[in-house]
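K.L.:
In case you want the letters, here they are:
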Amino acid sequence: MFEGKVKADVLKEVVDVVSTLVDEAKFNVGKDSITVKAVDPAHVAMVDLTLDRGAFEAYKADEGELGVDMDKMKEILRLAKGGETISFSHDEDKNRLVVTVGNTTRRMALVDTAGMSDPKVPSLNLPAKLVVRTDELRQAIRASESISDHIALKASPDGFEIVSEGDTDNVSHMVPKDLLEELQSKEAVRSLFPLDYFSNMVKAISSAPTVTLYLGSDYPVKIEFKIAGGKGEVKFLLAPRIESEG
Amino acid sequence: MFEGKVKADVLKEVVDVVSTLVDEAKFNVGKDSITVKAVDPAHVAMVDLTLDRGAFEAYKADEGELGVDMDKMKEILRLAKGGETISFSHDEDKNRLVVTVGNTTRRMALVDTAGMSDPKVPSLNLPAKLVVRTDELRQAIRASESISDHIALKASPDGFEIVSEGDTDNVSHMVPKDLLEELQSKEAVRSLFPLDYFSNMVKAISSAPTVTLYLGSDYPVKIEFKIAGGKGEVKFLLAPRIESEG
Amino acid sequence: MFEGKVKADVLKEVVDVVSTLVDEAKFNVGKDSITVKAVDPAHVAMVDLTLDRGAFEAYKADEGELGVDMDKMKEILRLAKGGETISFSHDEDKNRLVVTVGNTTRRMALVDTAGMSDPKVPSLNLPAKLVVRTDELRQAIRASESISDHIALKASPDGFEIVSEGDTDNVSHMVPKDLLEELQSKEAVRSLFPLDYFSNMVKAISSAPTVTLYLGSDYPVKIEFKIAGGKGEVKFLLAPRIESEG
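Chains as they are written, first to last, in this note's numbering: chain Z, 54 to 299; chain F, 54 to 299; chain U, 54 to 299.
I should point out that these hints are in silico values taken from the structure, not numbers from a laboratory.
Every residue, glycine too, gets a C-beta built ideally from N, C-alpha and C.
Treat the hints with care, as some may be off.
Label pairs and their computed distance ranges (CB to CB) [claimed, not checked]: (1) F:Val174 x U:Glu235: 56 to 66 Å; (2) F:Gly135 x U:Val151: 41 to 51 Å; (3) Z:Ala95 x F:Lys256: 37 to 47 Å; (4) F:Ser170 x U:Ala241: 43 to 53 Å; (5) U:Gly135 x F:Arg131: 19 to 29 Å; (6) U:Lys58 x F:Arg131: 35 to 45 Å.
Start from the sequences, fold in the hints, and give me the full structure.
P.N.:
In structure tokens form, the structure reads like this:
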């Protein structure tokens, strides 16, 4: 059983995050929260999202699973203004999700979750942690787009740097220590990542003013941020591209 | 003889409506009003538009016909701001329309109206009549676009409903009786229509806050609304798609 | 040696003007100003731009040349808001331009200027001179776009007229004498120009409210306007298209 009401703004945050990696996802509905864990088809990135029941205007659920097509959710979002409430209820007999926005009701077929396993989130011991303004990431991505398909994320006791190296030009976006909300980096670390994945993850951050990054050397990056005004959390994990020594 | 001045906003309403169905149209100019009657090339829909002389800033005309290319009128509209006045005069010797916007004058060849007959508007006895907010139609169309190429318009003593049925999903947009400005429907009626035509007609409504619909079962729908702040009127007629019984 | 700081707005004016005609340009850096002279690949048009050192927030330079890729400058501009300051310094050892916007630094390879000669600006004795509002040019271009690939610029003691002749339609945009800030035209002159070049030149005028035009009969047009709030100047020269006598 699942019945819930949620502001369009909150649903949009969830849909933006999940659709960054997958077209369809299994939403694990629980008594106190909904969680989504998914790996992209190329197995390069993972998302682990939690939305507390407090993020909803109304919430009533037993344990269950809903297989959701993200494009259909985007169609629903186009029907609602940001502050408008969207109502959901699970029609278990027909395995459909009944979604209501204002005077409009859509009865939506759910996706079969049989083939959707819950990916295991690996436990990583990443030596550097930092909290950076989301705007800094956006600016660095914009500057790197014309340079290379990859960016290096670097942390050191001095600050956080995003570097992009091209054939003729290179770009460095340096956020010094005093512009970071938090910095733990005893030694210098550096990992290289595909720009498109990193860019899409950062574009999925709609409201969080800051992001927590966990970094190592030639290790995945963990990107954590809040959604739903703090009543939900997202953890992205992105695999590094190992740099070949020339 | 025809000379007139009209606000760009008013001309835009006329052009939006007529160009929904045809690329070229015969404008019947009279002493007290201009009328346009046209059928789309596929003979699925008809428009019957009247613009009173009171909708013009200045108006002087004998009986006559002007064959107008709608794309050229859209080019004229791009030269004028909404509240700006556009002047027209018919150069009968060269059969050209002389159009002035600010310091710009365009001498525009008219289209030969010889092959353009005035379609007869059929007299229909449609059992249901209702007045609905234009926004409700827009929202219902938006919700139906991803579901099917057709929508059913339904009226009953309870209200007005727009329904779209797809292979896996369906959408219902229900406007209950108390949200309608007027409802006359002794029995339930239902007709199916091509979504693209209905959508384009509704998109052509730029200013009217409400629309009057006349409906039957497997009958055309008549869509009436005001233009030019009430100094003009549009009647669209759209043929139904007869549903095959499975 | 070259080091400078400039507002993004000012840099944008320069880039818009120069990139109208060429993808790469030689910037001649001097003690008191930067100049760019360039001819488009088809040898139809020329630009002669001067930006005074007063247009910069800071400026320090010896005589020198910088070969600049205009697309890279547009990428830099996308990183800065209008009022934001962009810093440049020339790394002479590596022949790179080091560009800083906020926390972002781009090290940009310069283009080899060996093959870039300074075009000679021809001295023309054009009989008509007029000062017209840029908006009048924009409106005339908009009106001509659907008519023909060419426009005629005409001046006479009565005023300035832009004319476009098509197969079925024609457009005249007439700016009478009293709407011109200045008019010197003892006799009537008229020259025909390619619309796309003239349109692109006028689109490159972002801030100047008026433009000075110098015109003759079947002669080039000279288009002069200010940039950087008067601390820079642009002269465009556009070759006429000689009209064949039918």
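K.L.:
Please go over all the hints and tell whether each is borne out by the structure.
P.N.:
The hints, checked one at a time:
no., hint, in the structure
1, F:Val174 x U:Glu235: 56 to 66 Å, "58 Å, holds"
2, F:Gly135 x U:Val151: 41 to 51 Å, "48 Å, holds"
3, Z:Ala95 x F:Lys256: 37 to 47 Å, "40 Å, holds"
4, F:Ser170 x U:Ala241: 43 to 53 Å, "48 Å, holds"
5, U:Gly135 x F:Arg131: 19 to 29 Å, "27 Å, holds"
6, U:Lys58 x F:Arg131: 35 to 45 Å, "40 Å, holds"
Consistency note: the structure conflicts with none of the earlier hints.
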